[in-house]
Each structure stands twice: as structure tokens, then as C-alpha cells.
Amino acid sequence: MKTLVAVKRVIDPYVKVRVKSDNSGVETQNVKMSMNPFDEIAIEEAVRLQEQKHVTEIVAVSIGTDASQETLRHALALGADRAILIRSEKHLCSLNIAKILQKITLDEKPDLILMGKQSIDGDNNQTPQMLAALLNWPQATFASKLNINGRAIEVTREIDGGLETLAMDLPVIVSTDLRLNEPRYASLPNIMKAKRKPLDIIELDSMGLNLKEHIQVLTVTSPPTRSGGVKLNSIEELLNKLQHEAKVL
Amino acid sequence: MSTLVIVEHDNKMMHPATRNTVAAAIQLKENPVLLVVGHQCQTVAEQAATIAGVHAVWLVDSAVYAHQLAENISELVIGMASSFSAILAPASTFGKNIAPRIAAKLDVAQISDVSRVIDQNTFEHPIYAGNAIETVRVLDSIKVLTIRTTAFDSINAEQSPCCIEHVDTIIESTTSKFVRHELSRSERPDLGSAKIVVSGGRGLQSAEKFKLIEELADALGAAVGASRAAVDAGFVPNDYQVGQTGKVVAPALYLAIGISGAVQHLAGMKDSKVIVAINKDEDAPIFQIANYGLVGDLFELVPQLIEQLKKRA
Numbered sequence: 048m049k050t051l052v053a054v055k056r057v058i059d060p061y062v063k064v065r066v067k068s069d070n071s072g073v074e075t076q077n078v079k080m081s082m083n084p085f086d087e088i089a090i091e092e093a094v095r096l097q098e099q100k101h102v103t104e105i106v107a108v109s110i111g112t113d114a115s116q117e118t119l120r121h122a123l124a125l126g127a128d129r130a131i132l133i134r135s136e137k138h139l140c141s142l143n144i145a146k147i148l149q150k151i152t153l154d155e156k157p158d159l160i161l162m163g164k165q166s167i168d169g170d171n172n173q174t175p176q177m178l179a180a181l182l183n184w185p186q187a188t189f190a191s192k193l194n195i196n197g198r199a200i201e202v203t204r205e206i207d208g209g210l211e212t213l214a215m216d217l218p219v220i221v222s223t224d225l226r227l228n229e230p231r232y233a234s235l236p237n238i239m240k241a242k243r244k245p246l247d248i249i250e251l252d253s254m255g256l257n258l259k260e261h262i263q264v265l266t267v268t269s270p271p272t273r274s275g276g277v278k279l280n281s282i283e284e285l286l287n288k289l290q291h292e293a294k295v296l
Numbered sequence: 577m578s579t580l581v582i583v584e585h586d587n588k589m590m591h592p593a594t595r596n597t598v599a600a601a602i603q604l605k606e607n608p609v610l611l612v613v614g615h616q617c618q619t620v621a622e623q624a625a626t627i628a629g630v631h632a633v634w635l636v637d638s639a640v641y642a643h644q645l646a647e648n649i650s651e652l653v654i655g656m657a658s659s660f661s662a663i664l665a666p667a668s669t670f671g672k673n674i675a676p677r678i679a680a681k682l683d684v685a686q687i688s689d690v691s692r693v694i695d696q697n698t699f700e701h702p703i704y705a706g707n708a709i710e711t712v713r714v715l716d717s718i719k720v721l722t723i724r725t726t727a728f729d730s731i732n733a734e735q736s737p738c739c740i741e742h743v744d745t746i747i748e749s750t751t752s753k754f755v756r757h758e759l760s761r762s763e764r765p766d767l768g769s770a771k772i773v774v775s776g777g778r779g780l781q782s783a784e785k786f787k788l789i790e791e792l793a794d795a796l797g798a799a800v801g802a803s804r805a806a807v808d809a810g811f812v813p814n815d816y817q818v819g820q821t822g823k824v825v826a827p828a829l830y831l832a833i834g835i836s837g838a839v840q841h842l843a844g845m846k847d848s849k850v851i852v853a854i855n856k857d858e859d860a861p862i863f864q865i866a867n868y869g870l871v872g873d874l875f876e877l878v879p880q881l882i883e884q885l886k887k888r889a
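Residue numbers (my numbering), protein chains in the order written: chain Y, 48 to 296; chain E, 577 to 889.
So here's chain Y without its partners, still in its complex pose:
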């Protein structure tokens, strides 16, 4: 079976982001970028399924500027067989990203689509569910365990009160939670090999999609800062402060 894995280039999770002074967004110039951590988990799961002979081909796809090629090369180094970049300079909302991925899905005909449950920049947690809706496929969001048996798949999901297991038939969309697996590191020979793997570039404008604008971003601001508090010396002092100053006990 063929698997499509969607990956996104985002600001590295360990970078402290700074809001631009004109409130148009956050500073991305000269900032370290990485593959979205949830997408690394998606790639890792696809590779493990390939190692277990469930998956025959892994196609990594990303939408973005030329710089996203770097993210796709990383996916190839981790084990994807080939990659597709949909090149666009535009800032796209989740729905338009889902529409682009719908088109790619109709062209590539995968049986399984793996995606991170959310990107750590927009924090939306929308695209997998939207893609499932557009394709009319079942969705298994926030997955922490997959069990494939022929065309049947059982997915354990992380929900607020614990875990939930659903059963569905392929094709399906799975969005990955952090506990699904521990992603591997790309070895140097694999990084070298990845340079020779195919990476196709498709111009978004050539895809014939009619993407309308759904959202306007008005401003991006810094959250209110908390004033640094005080350090206390004893438990007695803490309890007194909580009782009489903060009045929360």
C-alpha cells in the first residue's frame, strides 16, 4: 500500500519566537527552521509500516517556498521514497492546504495519509480533519497506536479522559500524537542517499485550483507578560502569601 505523508517547515520548537514590531507576524528571518515535530512522527510511522511490509511506497509532500525542499530532503533522509513540493509564496489557511492535498491525493491515490495532529506555529489542529472531510474518508485523529491488518486498521486515539480505539477500513487519514513513536535520526549515509531521491516541484498556480481567501490576519501581538514574582524562604511564608496576599486558599 502507498502512504502519503504531509510535512511542514516551521520555526524550530526550541526557538523563542519574537513578534515583529509592525505586528504583521513573527520574525522568521535568520531563525532556525525545522520539520514540524508531529510530522517527524508521521514520517517515522510510515517508515516503520514499510519495515513491517505494510507499506510499499512513502511519498512526502510539502506546500511552501523553495526553502521547504530542505524539509522534504530531511523526510527523504528519514526514509521517504520520493517527495513533492507544491511551490507557493502565499500564506495559506488550513482549508486551502487541505484542498491542495486533496488534489495531490486524487493524483497519487494513496491508501493511507499520515499527518501531524497540529503544526507548532499555527497550532490549528485542522488540516487532517479537513482533508478527511473533502475526500469523504474516515479520520483517526490524535493517534498513539496503529494496528494494520490487510485493509482493516485499528487506531488508538488520545482523548481528554484517556484512550479510545476505533476500527476503520482503508483508505484513512491518521493524525499523529506525540506518543505514537520516537522518531529516528537521519544517518549521514541516508542524508547522502536522500540527495539522489526524486523531488518533484509543482507550481501551485499550475494546479488549476480555485482557492479563495477565507481568513484575513489583522494583527499578531505579544501576549501580556507576567511580572516576575518573588522567591520565598519557607513553606509557612508561602502559605501565608497564598492565604492573605493572593487569597487563593
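Simulated from the structure, these hints should not be mistaken for laboratory data.
Note that the coordinates shown come from a computational prediction; the quantities given were computed from them, not determined experimentally.
Idealized CB from N, CA, C, for every residue including glycine.
Treat the hints with care, since some could be wrong.
As the list claims (entries may be wrong) - Quick list of simulated restraints, FRET-style, between CB atoms:
| id | chain 1 | residue 1 | chain 2 | residue 2 | range |
| --- | --- | --- | --- | --- | --- |
| 1 | Y | GLN99 | E | THR750 | 25 to 31 Å |
| 2 | E | ASP683 | Y | THR112 | 24 to 30 Å |
| 3 | Y | LYS244 | E | GLN696 | 47 to 53 Å |
To be verified - Computed cross-link-like contacts, BS3-like style, restricted to lysine-lysine with a CA-CA straight-line distance of at most 25 Å:
| id | chain 1 | residue 1 | chain 2 | residue 2 |
| --- | --- | --- | --- | --- |
| 4 | E | LYS771 | E | LYS681 |
| 5 | E | LYS771 | Y | LYS278 |
| 6 | E | LYS849 | Y | LYS294 |
| 7 | Y | LYS156 | E | LYS753 |
| 8 | Y | LYS63 | E | LYS856 |
| 9 | E | LYS771 | Y | LYS156 |
| 10 | Y | LYS150 | E | LYS681 |
| 11 | E | LYS856 | Y | LYS288 |
Given the coordinates of chain Y, assemble chain E onto it according to the supplied hints.
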């Protein structure tokens, strides 16, 4: 035109997050309609009908909705959508699972984790793990929103019950089937809505020693939370996790014990009213946001705290 609020519940009890979601709905438009979808969930509809300000409750009760699968709930909701200018759900795993599916079927955008309603088309929500706040205007005619419940005050006032209308649209999901639940059982208050939360991190060292956090929580009548490090180390189940990838809480009092304060964790608790940190590393980032900090060994300080609390009780 009115606002539809999708009620989260377990077929027996309405989830308290509904009261916060209704608060957001009322800011948008008068007369919210609450949708209860499930199986043998009449009592949930009755609870929803008494929330002050609720105009009507629509009840869809059938065995096919027992597990509230995204595939059938979303179809049901889009069939109703043309009567509403906004569709709201709490930004819980329940709401996050279904809202984007509804939005895509309606060909409209969805705004996640709305923390402030500016007007009927303009909303604020946090991005980058809460390190920036984005203000967006939605250009679509129907707004699909998930509500950050900690950002809206719960409506606890009651009214004489509004009318409960039965809807009998049955949409069976043929593609997805429920297999089983494994729910964490707890006598303590719900993490998402507790007034006090006590969280433990890697500093607790083991699942055995994490019991100290539970003891403290019981002495305070608090919910128990954890950092991702504590969850990954296997001290507690993952649904205890507070952070960008876990639950977002904003209690009156948050005690972070043995937690360094990584960005991912802060995203889930930095809107708490009062934050207390107990950590042996005086340079831990958690001290930069804590109102009160104690530098020291948690295995000495926490038992003292429990003892003092018991004495005061």
C-alpha cells in the same frame, strides 16, 4: 440567524466546558441553540436547557450516535448549518476532532482555540504555543469556532428550562466503528476546570514518588497535572499532561513542582491566576513566571506543605 453550540458529554453528564462555550456564543449573538447528540442522553439535554441564556436545545438521540464519531456528527451538523451564523464547540479533543470536518464540508474556515470575541467576524487566538496572539477576520458567512474554555467565564446561572426539541435525523457511520475506551479514573476534580491544579515534572523521579503530588492535590482538593517529561517517563498517564500538546488550564492557583518550565509546558498553564513553583534549580525558567517561588528539594518541601495544610484544615 442564531449560534449553534455542540454540547460535549458522555451520554450521562454535560461536560462543564459547555458553560464556557455558551458564554462565548452569547458574546456572538443572542439566543444560542445547544445541540446534544448521543444515545440515551435526555438528562444531558435537561442540564443544557437550564443554562441561563440558552434559547433552545436540540436533542438527537440514537444508538448510532453513542460514541459521537466525527463522521456522523459532522454530517448531522452540516444538515442544520444553514440556520446558523456560527457553530461553536469547546477546544477539547472532542471539539477539535469534529469542528474542522464540519468547516471543510461547509467550505468555510475554522478558527481554533478562540480566546476572545472582538465582533461577530473577528477573533483572537493564541499561536506559537501561546507566544503570540493572532487577530483574524473570517470572511465566510458561517463561522466555525472552537472555544478556549479557560478564556471565557463559565455561565453558572440557571434559568427555567427552555424547550427541548427532538430531531430524528439518523446518519450511520459506515466507515468508522467504535471499539473500546480506556478511561483514566479519578475521584479528583477535572483537570480542565479545577480551581487548583498541582503538577509534577521530571523532578519527581518515579511513578512511586509522584504519589507525593497526588497527596498534595488531595490536601488542597486540587486536580493533578503533569509535564510532558513526567508523562513520557511513565510516572502518570498522558491525559494528565498540561501543555501545548496536552491540556490548557487556567486555574486560580497552579503549583508547578519539579517542572523546569519549558515553552511547551508554559503554553498550557501561563494564564493561571497565581503560579507557585517549587524547584531546586534557582535558574529554572518557571521562576520567571511564578508569582511565588521556593528554591529547594521538593522531597523536603512538599511533605512540609502537606503537613501544614493538614494542620490548618
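Verification of the supplied hints:
1. Checked against the hint of 25 to 31 Å, the C-beta distance between GLN99 (chain Y) and THR750 (chain E) comes to roughly 28 Å, which is consistent with it.
2. Under the hint 24 to 30 Å, the C-beta atoms of ASP683 (chain E) and THR112 (chain Y), about 26 Å apart, fit the expected range.
3. For the pair LYS244 (chain Y) and GLN696 (chain E), the beta carbons lie near 49 Å from each other, so the given range of 47 to 53 Å is met.
4. For a cut-off of 25 Å, the pair hint linking LYS771 (chain E) to LYS681 (chain E) is broken: about 38 Å separates their Cα positions.
5. Restraint check for LYS771 (chain E) and LYS278 (chain Y): the C-alpha separation of about 23 Å stays at or below 25 Å, so the hint holds.
6. Between LYS849 (chain E) and LYS294 (chain Y) the alpha-carbon distance is near 11 Å, which keeps this suggested pair within the 25 Å criterion.
7. Note on LYS156 (chain Y) and LYS753 (chain E): the hinted pairing holds, with a Cα-Cα distance of about 24 Å set against a maximum of 25 Å.
8. A distance of roughly 24 Å separates the Cα atoms of LYS63 (chain Y) and LYS856 (chain E); the hinted pair therefore holds under the 25 Å criterion.
9. Using a Cα cut-off of 25 Å, the hinted pair LYS771 (chain E) and LYS156 (chain Y) is violated, with the two alpha carbons roughly 49 Å apart.
10. Restraint check: the Cα-Cα separation between LYS150 (chain Y) and LYS681 (chain E) comes to about 16 Å, which is no more than 25 Å; the hinted pair holds.
11. Restraint check for LYS856 (chain E) and LYS288 (chain Y): satisfied, since their Cα atoms lie roughly 20 Å apart, inside the 25 Å limit.
Against the hints set out earlier in the document, violations occur for numbers 4, 9.
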